[in-house]
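Chains C and F are the protein sequences, given in the same order. Numbering-wise (the working numbering), the first sequence opens with residue 1 and increments by one. Numbering-wise (the working numbering), the second sequence opens with residue 629 and increments by one.
Rather than coming from a laboratory, the hints here were simulated on the basis of the structure. Ideal Cβ positions, reconstructed from N, Cα and C, are used throughout, including at glycine. Mixed in with the good hints there might be a few duds.
Stated by the list, open to error - Covered, in the sense of this in silico footprint (three residues per stretch, anywhere, with C-beta under 8 Å from a C-beta of chain F), are these stretches of chain C: (1) 269-280; (2) 300-312; (3) 484-490.
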Amino acid sequence: MKAITTPRSLGHQATTTRRPLQHQGNYAIKANMTPKPQGHESHNNTKVITTSSHNNTNAMKAITTPRQQGNYDTNDTKAITTPSQQGNYDTNDTKAITTPRQQGNYDTKDTKAIPTPSSSSSLSTMSSASTSPSMAERDFRQMATRKPIRIHCNKRRVEAQGTSAGNRCHEPPGAGPDAPSGPQTPPVLPIVKHPDAIHACHRVLKAVETAGEKHLKTHEDYDKFMWQQLRTTRFASLTKTTSDEDKREFLKQNDLHYESISDEEKNSFREQLASSSGIAASVVETVEYFKVHFTEALDLVQKRKVYVHKGQVYVPYEDMISLLVGVYRTHLSQALAKTARALPHLEEDGRLLPMLCGLSKRYLGSDYNVKKTSVGQVTADMIDMLSKKSFPLCMQHLHTSMRQNHHLRHGGRQQYGLFLKGIGLSLEEAMKFWRAEFCKLIDGDKFDKQYTYNIRHNYGKEGKRADYTPYSCMKVIMSNAPGPGDSHGCPFKHTDMDLLKQKIKSMAIGELYLEKIMSEVKAGRYNVACTRYFEATHKLPLEQQDQAFSHPNQYFEESQRQINGNVKVLSNATPKRVGSQGSSQSTPGSSQSTPKSQKTSQSQPTTQSLDEMDDDFDVTEAEMSMTS
Amino acid sequence: MPEKTNAYDPTCLPDLLPIYYKKLFPYGPYFKWLNYGGVPKGYLSRREFSFTLKDDIYIRYQSFSTQDELEKEIQKRCPYKIDIGAVFSHRPREHKTVKAAAFQAQEKELVFDIDMTDYDDVRSCCSGADICDRCWPLMQIAVKIIDRALRDDFGFEHLLWVYSGRRGVHCWVCDETARKLSQTGRTAIAEYLSVVKGGENQTKKVGLEENPHPSIKCSVDIVRERFKDYAVKLQDFMGDEDQYMKVLQLVPDEKYRAILEKEFEGKMDTSNKRWLLFVKICEDRRQKSDAKRSPNLEDEVMLQYCYPRLDVNVSKGVNHLLKSPFCIHPKTGRVCVPIDPENIDSFDPFAVPTISTIVEELNKAGTVGDDEKKVRDYNMTSLKPCIHVFNRFLSGLEKSWQGKMIEQSDIKMEF
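Model the full assembly from the supplied sequences, consistent with the hints where possible.
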């Protein structure tokens, strides 16, 4: 069996499984799966894609007792609400138990329960364990990583709050997505039963994955996640415990032919190998190196973690995982491409597509797209005043930098311009604002030529006329780091500690706050630092804000709310948590102090962000033509 | 900076451009380059060109099937600037006839753009778009470092270096692997080559490990060779208090910073003495194993002052346009000529022919021998050596597709 599989192979697998109908149970897709939980959501709240009607039955049982739930007729689509399951499911996969973050209340069923000719070799199974940041996300991976997944996917969902042990799974047919299933139980899609339907089901699965992938692509943790995922696979454990033979077997089975380098070659590059992988020259001899083309190990190249010579990279054994990630990714993206082509079939079913399309958006906070109501609330002459009172540090910095230099470079104009758009500066006012400042240095004609296009573009008036959204903290922090001469970025991340300290001190911020801010910065929790800064500048008690900011515009709105009182703005101010109805039980302070949840809250990608980046290029191109 | 002999008046440009595009622009070699031997079929016709016309009128998605078509359009439009973009899935001219999602950038040379503007915090002579003899060595160092890394590390062979006409240089990596690189691949290489990182608010922009990556070591060697002549002598980079304080800010520990500052205020009164002392103190630090932070401090300083600063966004995107070689820079009138990286030290940006000089040269030559039509017009001007550099690059490139042609014809014959 090949461990690295593509979703495509899932399809074959399932259709070839004998009597899939009987033991398949139900296969329901829940509407509110959350691949990426918000910062405050704990794992318990995470919803899982599929639910099994086999309440309290473990996977093994579910599989080996066919007909158990065989009460669904072919072509009969029935809705089933999620069983509220209680109790801890054990995992069949022994590995999963040992992983640190396993909470014990959701399970990873390794579905090799039915012995198939291929699954007899357990070594070659890449079964993922659960060190991933979020469960549903992991499930996406699992589907693709593990071949033996069948349609029954025994993934359960344990409701954090719903403690009813009752088995509510057999709701009458027709309960449908609109079934009144209580606030915690979101609508569940019908079950698919017929062989044809199973195909459809696979398309759904893949589509879900596409959405998940799309979601992940924009994700800072993507690589890390993949890496982690593969780390926890059998292969990783192989590297430590099993014999060379088995490892080779693994590679062979997956058609991965890596050539390890000879001792002579190793000796001739000993120095280089040592310094690039950060190990002592004497140890190099004991390490096995593989020579591959650099395009196969791009992440290692990017981080300068391997020796690159004449287009070949020398990958030490322990970094093999990177190569596997690469292979895996290729497989995945090929499969996803196929999936994307399958999507049109889904259009026939009016229920699925909207849900799938919404999938990647539903975990996000507000995207701070300009609300009709707020346009025109801010005018150019108000910005000076507002920047002092209500702008986050990054925007304050951009503002002062612009006032000082009468210019901002492209990165700064984008970050600041879109932010201003987000707070309600209309295009006309924006034009006025930028022109007034820039024209202290250049004449109006030049301004028109060089910058108006850019500004109009941001407001969706040029090019492909996309209405761009302001950058989130994650985007500001993670992408497009400022280079020499740039003043954009996140001051908490992109400023030297000493300088930052001085700067904040100069704003007459109390010692206590300062200390707290700096310690958050040190820990790399830049948006938490920003939140503490907010409390300091708004004379709020420390840690009053139970949730860290994840968007500069969120900062602004919250600030306005503090200053103007809880009037009206309120509804605009709190980010919409679309996907977390029922699970957005934010316990103040509980989860936000853990670094992990902070990470997740920083990392709210938007699907738009990719498009934006693409479009940035357009702008740069246009601009480049003017400047160079 | 004096314009030396290449006097140029920007107002004449509209009159000169038609002559330049009619007589002097090297269409032959240019076409030969972008056609890549015709090996990938329809490569040129799917290539995007964009023109900047008079008054900054910008037109994108131009494409041409033949050299003739290209020639005619350029002569008709007389663009102030020509940009070269990606090779798309469809002809860019017809991009509106296909679905937006189907129209995709597929290939492009891997490009690098190094711009003197990005060095403003480490050069004291000029700022912005200006360059002079005192800061130009930065570009020489940049070309050497990037050229070495691309060839030795990544194994690329067909590198076209071009002077951008005013303040920087471009590099076009034309190997097939490079042209086919994905955005991720381009990003990986660009990041691999980026060492100086950080914006306005980060003083220390280079951090090296105790045993740096072999590629960085090579770069340090290249910088070290030039550092004394360039930074110490030409730039006098620790000449006054402001300047040496900037260097001292890069010293991570208070103790050594204080020692150095005291010395710098006192006896050590020139850049040369100060730098020697700085190196010596760095050595002391290491000896006393005080150098946990920044073990290679002096290397870090050298790199911060001299390491090439790439505009990574240009390199990352497959679909990013870059100014074509042999354009005329409208401000300086200089031709964007190819540079031979091996002779980068002898390349003088101020000696690059301007459009006025070559047109004049052509006029003179034209009156002498009208019969000898065989000589190409550009060979009668000071453009000749530049075209020679380009041709040498081309002959290397040609070899890469000659093999391919045979391969392809072998396949066709089906023995």
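Hints, verified against the model:
{"no.": "1", "hint": "269-280", "result": "holds (count 6)"}
{"no.": "2", "hint": "300-312", "result": "holds (count 10)"}
{"no.": "3", "hint": "484-490", "result": "holds (count 6)"}
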